[in-house]
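Protein chains in written order, with the numbering used here: chain S, 1 to 656; chain W, 657 to 865.
In case anyone wonders, no lab produced these hints; they're calculated from the structure. We put the beta carbon where it would ideally sit given N, CA and C, even for glycine. A couple of the hints might just be wrong.
Capping the alpha-carbon separation at 30 Å, the derived lysine-lysine pairs in DSS-like fashion look like this [claimed, not checked]:
#, chain 1, residue 1, chain 2, residue 2
1, S, LYS49, W, LYS686
2, S, LYS221, W, LYS686
3, S, LYS589, W, LYS837
Beyond 10 Å from chain S on every Cβ pair, some chain W residues (computed) [said to hold, decoys possible]:
#, residue
4, GLU683
5, GLY689
6, LEU738
7, LEU749
8, GLN753
9, ALA764
10, GLU787
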Amino acid sequence: MLTKLKDFASTFFVTGDPLIYGADVAIVLTTIAIVFVLTYFKKWTWLWKEWLTSVDHKKIGIMYLIASLLMLFRGGVDALLMRTQLALPNIQFLQADHYNEIFTTHGTIMILFMAMPMMFALFNIVVPLQLGARDVAYPFLNALSFWLFFFGAMLFNLSFVIGGSPDAGWLSYPPLSEMSHSPGVGENFYIWGIQISGIGSLATGINFLVTILKMRAPGMKLMNMPLFSWSVLSTSVMIIFAFPILTITLALLFVDRFLGAHFFTMTAGGNPMMYVNLIWMWGHPEVYIVVIPAFGIYSEIVSTFSKKKIFGYKSMVFSMMIISVLSFFTWVHHFFTMGAGADVNTFFAISTMAIGIPTGVKIFNWLFTMFRGRIQLKQPMLWTLAFIPCFVVGGATGVMLAVAPADYQYHNSYFLIAHFHQVLIGGVVFGYLAGIYYWWPKMFGFKLDEKLGKWAFWTWNIGFYVCFMPQYALGFMGMTRRVYTYGWDMGWAPLNLVSSIGAFLMGIGFIFQVWQISYSIKYGERDTTGDPWNARTLEWSIPSPAPMYNFATVPHVSEQDAWWAEKQAREAGKRAAAAPALEPIHMPKNSGIPIIMAAFWFVAGFGFVFSWIWMAVAGLLGVAACLLARSFQYDTDYYIPVDEIKRTEASFGRGI
Amino acid sequence: MAHTAVHQASRGQTAAHAHAAEHHDQEGLKILGFWIFLVTDCLLFGTLFAAYVVLRTHTDGGPNGKELFEVPGFVAETFILLTSSFTSGLAALAMNQGKRNQLLGWLAVTALLGACFVGFEVSEFAKMAGEGATISRSAFLSAFFTLVGTHGLHVSLGLVWMTAIMLQLRRRGITAVTRRKVFVISLYWHFLDAVWIFLFTVVYLMGVM
Ligand code: HEM
Ligand SMILES: [Cu+2]
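The shape of chain S in the complex, shown without the other chains:
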């Protein structure tokens, strides 16, 4: 009995690596600490009622933000572990298999569990407020999306201490990811972690598309809508078209592994290249899914901090829509070397380069917006200014990669690594950070400290170039991606050392940001006006943080930059019409079902990971029970009475 148990434990838990034992201890201690604090301060009910069951888009947004910052930390630690290993030749810090696990979890986490939720955080926090709406179209579904993401991410991260991490790369190409080559449970964790959170992402896409189409304030035409909301519209459409492909691709891989099917195997007629095609039919749109909202953020910020209307609004909208369509026709550029033939490769080379055109249009529009504007170098603007050159270089190296014959040289080299980090960090991460700085006062009611922020900004930026510029050269010198070590004779040592120094500088930048947030919670400049940047769109017309119903009375909009126009009119003495009588506000009730249902998904996923059918079935039955419970629930809304609205508004110093 005891030996059996021992046997089980030694395969169930990841053993043998001191780094992981350290992590085990840290996880147990943190959990105990959290439970203790919550119990000691009697915060369980508060946590459950105010957060875990909340369907308020603002709170869901904050939960996304916290989770994504934690994931940025985990992905960042992975990155630093890899850069430590590569700093000098022949280092024995990580073994080959451990290195494989780390680049896999780093890539997967950074894209699916860091970038996606950070993007959803901003969707949730900003879009309803920008549209003058009281919530998203389906608040319950919104909460469910969050919890699916959360439990999917938990499942994925668990692989680190239980069962073993996936190690077949962030896209898990077969046949490497098949049973024949990866018999462990790691790939199952990969599949189910992404699958569960992916369902949530798909639902979010639908939710925000409908929100934007149907919930805009009266009078707000689509062509008056703020550009961030436009970017969300464009991204939602891409999510709706791309994510079903991911769902099926991963499902087929799982059917191969679980039922012994032959979709992607080397035997019995399977076709591994079909997987590569399918995963990139999702994967390429996915990179645009994460970058388009960043474009939206930059547009808002450039306009606000140049004190000018955005230059070329219509071309901004059209370029985003064109990018979202084109992004579905470029996937083969990830494997020109498959040998599809000159005709196919030519098509995909041209379609890829074509994306450069609308992107260039956007760059010029941002520059023209700044031209002769009264530019204020606040933190959001700093990150935006850093983005432009970074993305231009990243885009140029992307066009280099798109030259199909040349790609036979660059393919899977460090040149590629440098390219995609430049667009992902310089485009996506800088953009989301800019957005977080920009909307932070709207979320929390205070600004983030400027001085610490400048330190963070410069260390991140200098670190970025120090880290990734040498990698372009390393690529030309023949260094391929996913190598865990190299010899002195290769001549790669100096540049790798420089690169690793840059990585640690970025790590210091992140620490500055943690410090900045902690410091500003106490000492940050409070935002009492609701409009700390003298901005232009509707979210700045209400108090910070926004009351739970957002708008006491629904605004009426008749032009672009509605809040700016309103302020101009007030200044000119043409004050707004007297506020009309308040009405009771219709709100959705909180619900525990989303978190419980997602937890059951977690149980089912865990069961499938270990092929414990009883557990998988139990989890799925739980999911079904939750769905039915929701279907039979009719009492799902309530009204906020007028008195309460008056009291809330008065507490913000806004009499009605």
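Please arrange chain W with the ligands on chain S, whose structure you already have, making use of the hints.
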């Protein structure tokens, strides 16, 4: 500035009126969301179809469609499912006339037909597996079982869902909410029917030809 951009909308409705309107909006919103969900489901099936078409000929020396598919079986399945789509239409008709019992009756018939369909499919699968044509025999069979099975799974889930709605109809009668629910499930049902037509053509007809 000629006019004010943001002035507070005064709708001048009585609160009660506003509530009713909001309720109406909400049901419409949910139906729109469901349409978009169907788009995603369409893409789901589209991907499966693509995989099937690629792997159709990859039988690895094992049985092919011509040897496996039995014409009477899949024709019967087709008739049953098409009829159930028709009866779900009759259910919607009864609902629009406000006849609750008739509505319940047609939904029950629809669900029964759906259950028959699933029964046929299960026995078809079992028979094939019994002959050694399992999901792991060849890439063709992997794609076949996954594609057709995903459709069958959709129908089965639809059955549970339809039963739940029937219970709610019995308890609450035809209201704005139950009306929307019936509308949505019948959309779903017709959608599965349309997918089956493609399955019938691409998998079965082209398989036996
Ligand atoms: C904080 C700075 C970062 C550093 C220092 C860093 C470093 C690295 C390193 C060393 C690798 C492995 C290269 C190899 O051995 O092939 C890698 C791979 C990767 N990184 Fe990063 N990274 C950073 C940020 C990010 C971000 C923000 C994203 C996405 C939003 C990202 C996405 C990826 C992906 C997708 C891979 C490929 C994984 C694979 O090969 O399967 N990284 N990164
Ligand atoms: Cu691509």
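Hints the structure fails to honour: Number 5 - this is the single hint that the structure violates.
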